[in-house]
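**Q** These are the residues of each chain, in order.
There are 2 protein chains.
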Amino acid sequence: MKKYTYSFEEGNKDMKELLGGKGSNLAEMKSLGIPVPSGFVITTETCKLYYKNNKSLTDEIRYQIDAKIKELEKISRKKLGDNYNPLLVSVRSGAAVSMPGMMDTVLNLGLNDESVKGLAKKTKNKKFALDSYRRFIQMFGNVVMGIASRDFEEILERIKDKNNIYLDTDLNVENLQNIVNEFKEVVQKKTKKEFPQNSNEQLYIAIEAVFDSWNNDRAIIYRRLSGIHGLLGTAVSIQEMVFGNMGETSGTGVCFSRNPSTGEKKFYGEYLMNAQGEDVVAGVRTPLEINMLKNQNLEIYKELVEIKDKLENHYKDVQDMEFTIQEGKLYFLQTRSGKRTAVAAIKIAVDLVDEGILSKEEALLKIEANSLNQLLHKQFCIKDLVKNNPISIGLAASPGAAVGEIVFTAVEACEKRCEGKNVILVRKETSPEDIEGINSANGILTSTGGMTSHAAVVARGMGKCCVSGCDDIVVDEKTKTLTVNGEEFVSGDVLSLDGSTGKVYKGKIITKDSELSDDFMKIMQWSDEFRKLKIRTNADNGNDAKKALEFGAEGIGLCRTEHMFFDVDKIKCIREMILANDLNSRKKAITKLLPLQKQDFKELFKVMTGLPVNVRLLDPPLHEFLPKEKKDIKELADEIGISQKKLKQKISELYEVNPMLGHRGCRLGITYPEITQMQATAIFEVAKEENIDIEIMVPLVGDVKEFVNQKKIIFDVANKVGISNYKVGVMIEVPRAALTADEIAREAEFFSFGTNDLTQMTLGFSRDDSGKFIEEYIKKGIYNNNPFEKLEEDGVGELIKIAIKKGKMERRDLKLGICGEHGGESESIEFCHKVGLDYVSCSPFRVPIARLATAQAAIRNS
Amino acid sequence: MKKYTYSFEEGNKDMKELLGGKGSNLAEMKSLGIPVPSGFVITTETCKLYYKNNKSLTDEIRYQIDAKIKELEKISRKKLGDNYNPLLVSVRSGAAVSMPGMMDTVLNLGLNDESVKGLAKKTKNKKFALDSYRRFIQMFGNVVMGIASRDFEEILERIKDKNNIYLDTDLNVENLQNIVNEFKEVVQKKTKKEFPQNSNEQLYIAIEAVFDSWNNDRAIIYRRLSGIHGLLGTAVSIQEMVFGNMGETSGTGVCFSRNPSTGEKKFYGEYLMNAQGEDVVAGVRTPLEINMLKNQNLEIYKELVEIKDKLENHYKDVQDMEFTIQEGKLYFLQTRSGKRTAVAAIKIAVDLVDEGILSKEEALLKIEANSLNQLLHKQFCIKDLVKNNPISIGLAASPGAAVGEIVFTAVEACEKRCEGKNVILVRKETSPEDIEGINSANGILTSTGGMTSHAAVVARGMGKCCVSGCDDIVVDEKTKTLTVNGEEFVSGDVLSLDGSTGKVYKGKIITKDSELSDDFMKIMQWSDEFRKLKIRTNADNGNDAKKALEFGAEGIGLCRTEHMFFDVDKIKCIREMILANDLNSRKKAITKLLPLQKQDFKELFKVMTGLPVNVRLLDPPLHEFLPKEKKDIKELADEIGISQKKLKQKISELYEVNPMLGHRGCRLGITYPEITQMQATAIFEVAKEENIDIEIMVPLVGDVKEFVNQKKIIFDVANKVGISNYKVGVMIEVPRAALTADEIAREAEFFSFGTNDLTQMTLGFSRDDSGKFIEEYIKKGIYNNNPFEKLEEDGVGELIKIAIKKGKMERRDLKLGICGEHGGESESIEFCHKVGLDYVSCSPFRVPIARLATAQAAIRNS
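Here the protein sequences come in this chain order: R and G.
All residue numbers for the first sequence refer to numbering that gives the first Met the number 0, where the first residue is 0 and numbers rise by one.
All residue numbers for the second sequence refer to numbering that gives the first Met the number 0, where the first residue is 0 and numbers rise by one.
In short, the hints are calculated from the structure, not lab data.
Restricting the straight-line Cα-Cα distance to at most 27 Å, the calculated cross-link-like pairs of lysine-lysine (BS3-like) are: (1) G:K649 <-> R:K771; (2) R:K645 <-> G:K771; (3) G:K647 <-> G:K587.
Work the whole structure out from these sequences, hints included.
**A** Written out as structure tokens, the structure is:
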């Protein structure tokens, strides 16, 4: 016979999966000797079975619940629904992972028209009994019977108004009796049913209601947004009620063992006397700071402090606790790990190590790596922020805070920047042509494009604030206007962007710089002690590289050479090259490019002295370099001396239906070997003069013969330049490359997984277009995450594993890295650790995340 | 010590890889007792080594050649380069696979200023000796020394003119001596070197020249175009010369044991007396039909017939032979399998079985399956064809012959068709909107797009002639003109298209229908006896299905439902649906579509009574259905009552950067479940009334949950309609689907490999764009074939194997098929057989190819 119910005495903190976080911690507290009202837990498996059974409880489950209720009656010497000595219970939800406020709870269950009298008589406190009863009817009526809270609140307010009462606690017996009567009438009216008087019936429908709340909309959304998957359901805790509303010697509160916002080691919390839990958050009476309790009841305060210390020591983590004082006696109703900000997480972790509570390994695991993001970018002053309402919300594409005048073109952005102004670049979507504009802007706002759109990727790479895919903004680049909810903004109007929340504000909000604390540096150092993976960065200029080195990068994992081509001088040569009609004129154009390209590398390589630098050959389709606007086409046509018609024709010849799968990557270097020659020459000639470990990476290889073709060109150039200390390898981003990795490894010295493109091709998701359906997919549970954010392991990950296995078989010392966006995301990094990569590479601002995440992966999998 | 040389006595016909086709067959003939001049073969491995050694022959190779020459001198009792009794040899190329005329040959080697005198004295025929010498100088001068043939021909013509001689054979000794002298002067002048007089030197540089010719341009191109890969190189046959130019009792000829054009069992060939081999093809003297030899020399004729019968019986195949008669004695110089037309291949195969020479299995293997294509479409009358020169050549995208007035829009095509005119639709490229136009046209001509462009795929599907990617044609759809090489054609001008060659002709060329012979039907029946795979067809209307059934299809493997949506009524509803702002209006539009869609299925299902029909749910991105032209946008906006601006906005919202990887396939059915509901309803309501095995296929699945989502909708509809006898499965075309096939197979009853898309994603090749670099790739040997034509086995094939393995592990009776273009290509079909598919599905006109290819695969792998 399956066991569906566990009394607290039968559980412990390691049974979260089965008993939920709340249930298992109640059991644990019980075993620690902490005063916890008696009770039992109905398991999460029961919830699953409930759904499987078309939302009904089997006889066996009911039987086991009844047995536990009997036990509880025995312990409490009370009886559920009894007219003289009624047992009152709370019925609370609690899944394995905390979902605060998302599911339902019923308190004071067991009261009815008769038992309320018994309770009054027994406690000699009619007011308390009626107060409990009116609370019960409202909560049960709302949660279980589906009546709007408003319907009850109105009655309460009316009666308070009528009697000139401000606080609930000032209601007298008569008031409360009237409220109870009217509450029951509302129930009758709204549901055409009496308020249930049978307490067993109350119990069962309350349990069912809690199970039902597992799948209410907000719970589903919360799980989706929090990335919670694979749970069985919610557990239900049934616990004897203790009452904070029995008068001024009673009360209730919530507290944290340390400050969850700053991490300061200071008891933190608030409480209310003569109240039940919901009053603390309701906001009519302002709760008191926890240290006020010292004055009110020193004994209780001391006990509280003692227990919170005990719990923190026991759980080795900040605790978030609920307690109730019933007529001078303290009870604990909940304890759990406290949610905290990134700042707090770091301080707490360091302090707990200093205090000898945690080992360094344990401390590192307490910090959510991805949350470090919050610490590295400019931030808004919270005080100023809360005063303003956002005018729109888009995707939080790249964190940070930006304030500036809006502009609609890259040129405008550069111009205003030169005038010393702060600028926000507003575009429908950005393209590589906008790169200088992005560089000049403080923040980027786009109306389309997802978390990995061009704007988002580039902005994150530069550590620049970006809000992308801001759907309800209409950008008209011609008239240079931005319209949102009927309000129009023009060039020069000021907006503020919060890249950490995706919110867009009108006007200026005050910002402040982020500061990296000593504690932060300590966490980074500890991380370095444990991590196995090296950390590199994706950077293609000296500034980015410098920033990354400050953050702790140990090399460059991806230097994209195409970004270099977008400044005015270079794009001219590139365009000339693309439009060349024969090899000679192409070579001529390329020759002009060589010294410019060398200059780029010079700056970068100088910064990276002594470290490995991986340079990727030209990757994007050539038409990305060609002008799109009429004006630019005219200009270019004049410049290179061909007709506009001819130029347009050339541009349209280069048009591709699916550029992602088109003429790009090494396909360019194969059809135009001169490009590879020039790039290799630039790289080697500079590398020869600088002290760096140079690696050249061939992109978009699908067949080893493509690589061999390019390697030969690179090799010949190296010979000519007279350099021998370099590596040539492959970016693995085409599924076929992974599937034929054995052949490729025979020729290539390293693999770097380009997981952006590998995801696109393995899943058949265009990064630019998939926003349209991925959201729907996540909503419907088809994918748990956006695969461009978290590495998709069953398909993309499988290909990576195949590639590693086949590759290592042919070349034992094959160097392995990742340079897609996933290289800076903690779960993906753990995957990289597990499959045995040598390094991850990510944008400079994600280097600290990668340092911590690699350490966590090493600790978790040691 | 490696053996580099084999005398004919040491070889046999199974040593082709090593001795080349020519060498191994000479050896075989020798062993059959057929008169073959003595000689030996230098192996193909030697050729490889030659290239490895920077194009030089090692001492060991030279030593072995010298030894064989000594043997030959012993047998012939002559001596190479001897002044009195010279040995003359031929030096011929010959790879394992026949590459007729692509590589070099030198005849009469061993002559010099002295030995020619010896030859004259020995044969008492000075004229013959000088004739041989002038031939040798010309051939050696051209092939080995690189002098243009023209330089020699001019001398020859001049001397003939001067002496009023028409035929070479009429040159007298003096003429010939002058020719020899002038030839030698040309050599001196052009190369600044004497014509080599040392015969050993002649021999070595001739051998090297033959090896060099392995990698001359035309040989490389030939191998590429013929799909010949992986050979070591060419062998070289060195053989004692026999002379057809010794007077009127000597001669030379080529012959086939049967007619290679019709297959008729009739000795076929031509010959010339007093001539050497090259004279037969040179065209100055018209060769005689082979049966004329009967009158000239009955003995020799009889011997020839006897030997050709012997060879055909021995090789069990039509032989293509070369012979020489030297002073009344017959010698065979070559035999090989005769190249033949598809018609001939069929007749010969059937006849050889009837004659008891071949088993059915052997006969089937003699026919090249892909060549059946030639037999199924309308054809031009060869006689009329050769009178015309093409004005352009594009890709032979879909075979057949089409003549008609050119039109530039689908609408025009339909109109002219209604007037009873034959039409050729000319477009830059076609889109799904053109479908009715394509249907109305006799042929399609596009200036861009490859072998698998929209036009090509649709045309092949319809068995319609198509020439695509006709680069040098400029199509201006606005002015409705087509310009090629400065000549302009307008609507109504007549063109003729040859879809089997890609040639485009001005004006009308006479066409004829193809007729399927009884022999053809017999081959089909025999194929059915051996094949293991079932054959289905890709068809989405009754006409195509009927055609396919005639050709022997056993079901439908892919009914694309989107083609159905392009006629006027339906596209209106589809557009209304796409443009709907809410669920209700969308549902309204879809409801209108239901009866129309049912009508489509009714027609198709009726034709397919008793057979399986696989219907794929809507697949293409929705914007394909929206209008692109200004006029059409206006019309549609008026019709559905929204502003043009709004409509344009909607269209631009649906724009995708990479539509191939965008919002399409099951992603549509998931975001708009109403579409799947409607389609399933239409399918089931019709299927219920007809007797067919219905299969519903969900496209573009990448995760099992996508499939489960769609299956649930289909299942619910089936329940509602009251049908239970159906299957639901998945089109495997996303790499991730293959990688997670185990999970998918738990839910899906069948897999059908959509190898077009699977190729696109696995290789990262956009079908529409890859033409730009695939040609270059094939040229550079990176890919051997266009992967959209022949299934790419290392990547795409590997994923198919993974999918099958994982799928079968979960579901033993998983039904497996292929529905990509590869399902009608013989090598790909062999792959399908080997990996254990249940059926292949291809366009109707490829069904016969598939029948034969599946049989061949079964026979080859039994």
